[in-house]
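Participant: Below, each chain spelled out in residue letters.
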Amino acid sequence: MTLSSSTYRETLSWATAGSRLLLRVAAISRNPTAFAGLSVLVFWATVAVLAPLISPYDPTAIDFSAAADPMPSWSHWLGNDSSGRDLLSRIIWGARTTYTVVPLAVGSAFILGIALGVPAGYFGGWADTFISRVSDVILAFPVLILYIILITALGPSLINIIVAVTLSYAPGVSRLARGITLSLREQDYIAAAQLRGESSLYIMLVEILPNARGPLLVDLCLRAGYTVIMVGTLGFLGLGLPPPTPDWGGMVVESAHFLSTYWHMSLFPCVAISSVVIACNLLADSLRRDPGR
Amino acid sequence: MSEQMLLSVQDLSIAYRKGGATLPVVRDFSLRLAPGETYGLVGESGCGKSTVAYALLGYLSENGVLTGGTIRLNGVDVTTLDDAGLRGLRGGDVAMVYQEPVSALNPVLTVGRQLVEARQAHRTCSAAEARMAAIAMMQAVRLPDPNTLFDRYPHELSGGQAQRIVIAMALLAEPKLLVLDEPTTGLDATVEAEVVDLIADLGRRFGMGILYISHNLALVGRICERVGVMYAGRLVEEAPAGQLFSSPRHPYTAGLLGCRPSADDRSARRRLATIPGQVPLPGQVPPGCAFAPRCQYFAAGRCDRLPDLPLEPIGGNASVRCLRHAEIVPEPIIPQPAAERPAPGMPVIEVNNLVKNYASRRMLGFGRRAPEFNANDDISLSVRGGEILSIVGESGSGKSTLAKIAIGLEEATSGKIVAFEHEVGSVRAGRRPRPLLRKMQMVFQNPDSTLNPAHTVGAIIARAVRRLGDRQSSEAIRHRVDILLAAVALPAEFRHKYPHELSGGQRQRVGIARAFAGNPEIVVADEPVSALDVSIQASIVNLLLDMQACSGTTFLFISHDVALVRHISDRVAVLYRGQVMEAGTVEEVFSPPFHPYTARLLAATGHVSVPEPANAELEATAQPPVGGCRYFDRCGLRVEGLCDRMAPPRSQRSESHFLACHHEFSFLAGQPGANSNKVQGD
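First to last, the protein sequences are chains L and F. Following the working numbering, the numbering of the first sequence begins with 108 at its first residue and continues without gaps. Following the working numbering, the numbering of the second sequence begins with -3 at its first residue and continues without gaps.
Do not rely on the hints blindly, as some may be mistaken.
In the SDA-like style, the derived pairs of lysine to any residue whose C-alpha atoms are separated by at most 25 Å in a straight line are [stated by the list, open to error]:
#, chain 1, residue 1, chain 2, residue 2
1, F, Lys493, L, Pro322
2, F, Lys14, L, Thr140
3, F, Lys172, F, Thr144
4, F, Lys493, F, Glu517
5, F, Lys172, F, Arg201
6, F, Lys400, L, Gly304
7, F, Lys400, L, Gly231
8, F, Lys493, L, Leu312
9, F, Lys493, L, Arg320
10, F, Lys400, L, Asp392
11, F, Lys14, F, Pro276
12, F, Lys400, L, Pro322
13, F, Lys172, F, Arg138
14, F, Lys493, L, Glu305
15, F, Lys412, L, Pro317
16, F, Lys493, L, Gly321
17, F, Lys172, F, Thr76
18, F, Lys493, L, Trp370
19, F, Lys172, F, Ser243
20, F, Lys493, F, Gly273
21, F, Lys172, F, Asp147
22, F, Lys493, L, Pro317
23, F, Lys14, L, Asp392
24, F, Lys412, F, Arg119
25, F, Lys493, L, Arg292
26, F, Lys493, F, Arg138
27, F, Lys493, F, Leu432
28, F, Lys493, F, Phe654
29, F, Lys400, L, Glu305
30, F, Lys400, L, Pro226
31, F, Lys412, F, Thr76
32, F, Lys412, F, Val423
33, F, Lys14, F, Gly454
34, F, Lys172, F, Gly88
35, F, Lys400, L, Arg320
36, F, Lys400, L, Arg292
37, F, Lys172, F, Arg28
Which residues of chain L face chain F? A partial, calculated answer using Cβ under 8 Å [what the hints assert, rightly or not]:
#, residue
38, Asp165
39, Asp176
40, Arg292
It is worth saying that the hints were derived from the structure and are not from the lab. Please read all numbers here as calculations on a predicted model, not as lab measurements. For glycine and all other residues, C-beta sits at the position ideal for the given N, C-alpha and C.
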């Protein structure tokens, strides 16, 4: 009974925190930078959701007649790729791929990073030393090499890309979370919670985490942008999603040989990638500048 | 006439732009300062004092605009100077000393280099000449061993030493006007007294004009010839210091004077005078007299009517901005005496031979190994039920460490603390039984970190009630939160507010409500008011006294403020470098003071009735003598060969009073600090 009512209370406190976050988002939407970033992200999200309805062709359907003349035309607005597949449709379905891989990968990296970093910062001692040293080792690897090792070891697939991104981002996130926790744990309200006999889990979830939200959110936006680039790079190195999955990075590599003749095949996927990355950075930038509470 | 003036500010008005609106922060401010004169500017935070100071140096923040008036320094109008002119002015004709000495010094350069730089920036001289000037100035600001200190880095200095360096740096340019903005606020009381006396002395020696800004009227009165009181961006009263203190004419001045416990009623345990309400924000200043909403002499239809109240001369070189100054004799709002103190009960906490060492660590085995730091060294004390026991001492005396071990935020290295029949010396809060946690709660020092910014006031107090109280239904908890908010004099709507919407004093009230949520038997208050303005301090102290009187809760009050401790406590323990120097009832310890350290603390409160003990300027060395008295290196009464060799005996003067000193009581009672007080006291 007590448990359920206190769980309810905590849910409520998270709900109010969530609604405050929404208010904050609404407030920053008045900021033109944030508004631009947010609208690009919302645009691509809409495209991803409505892909089956708005895409003019099947993204994997091969049309040999179109392959003969792949330049943009009235029937194929953005033209076709070397296999004669409609570029517009592939970009539309590619948004779906991006919006699946990036949130899942970055989300799990943050969950893992926070789950390691906050206890490391809060408890300190050998657990902190162990987690920090392992993080350092992973961070010492160039990210790209790490990806290549992981993907070649595990094989290219959606799940493995998510695993690779999670493993390479989690140490950075955990380091950030640890740093924030280190400074927050010295606050008097943490001492007050300890004097009430609160559990460590409660202190980390209810007293510390809500106050770490701001910097973590900025980091999340930045990392989401990098991930879009990374998934593109992996596709470019042939370690991306296996064909014929529509994937922006993969589209660039498939058409890179024809760059001098059929520039559009590389340009349009590149524009799509850049727009999402820039949007993420704009959003992160405005969140950072927002004085917040 | 104005040719002779060093500084003459005429009708200065400054506003801040904020979101399209222009909010006036300083209005019609006029000030005249003769060469060599010392002028004090006082008022609560948010009254515009610092803005005036910055304007004198031609420095306004990005959104600040000068909306009128002139500032003439040595006949030059500062407001019309270009960048090059301002560079010559700053540090040359005017120098400024800020509140935080450590952040005013560059941490990667040695102190000496920074002093030399300050000299060479404004005087053409060789490096050797600049070095000589710097060393001479370090001697002038009474720094011990200038040649050694010259090559030190700022982090190797104490707060008091760092502030002396900053002052020396300001003086090296030989300024005609020295502006000091709360220069002693972060310092210990004894150090504060020394720095203030130093500033007064330097002013006389170098013939500088000094503008001293502070929220502490008593301090300003100690060194200034004239004092201006600022409220909501305007001067409300200006008078020679003596006159202002003996007969304040503005109700605000009287209120500020009454906020500090006075020296004379030493055992009269009553509440402190307060000024209700708070300083209006820029742009929300009421029409008519700005102080009207907080004034007990407010006359409806008159004080709120006049659009622009002038600063009227009232004779004796004084002026006041009050419509009713001729009709009233303002007095601070005298609060009703607190209830009679109950006799203390049985001991509830016993501290026996408590030791806390902080081991030092070397990085990878390199570097100098600092010796272990003894925060608490063999402390024995008892706390009795229902009493107010104060632990007083300077920073580094171990008073907070003692409180933290007792409450369960730190563990003792050795020794025992028995609280309510539980041994808790090495048991942190997380491992203490729930009923014991309920009995002991804490009020914290820093209003900015005492409340979690992510939760509402209501949620914060409700959580404490749920964990510590015996009521569990949501309705009962809600009701209890309302009662607690009412008890700390906050409106019930505050339950929906977040901490950042509250002022410092209001946050501290919420922190007190949280501590009292489960009706604790002991509340530990660690410097609960030291981060607040004097007027807010008084109201928080009154609140604590009221809560204590209602509930009979035992209070362990940690403070460096001797005047306050003397005012509110039943018993006092004086700590120095981790050891109890003296303990007893307030009367036994302070009237008169026996222990040389107690005498020194008392002298630092600035009361004229307590003369400085001999050798008051002795500085503490980094290392206390091994085996001897901890206070040896600063003590004016030390006996070489005895005090530095043998630990002082603990001599019992009465059942409740003991002190640790080699000297006899009769000898100590004959010392200057003790003597004059004794004459008055007996």
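Participant: Output the indices of the hints that this structure fails to meet, ascending.
Facilitator: 3, 4, 10, 12, 15, 18, 19, 21, 24, 26, 27, 28, 31, 33, 35, 38, 39, 40
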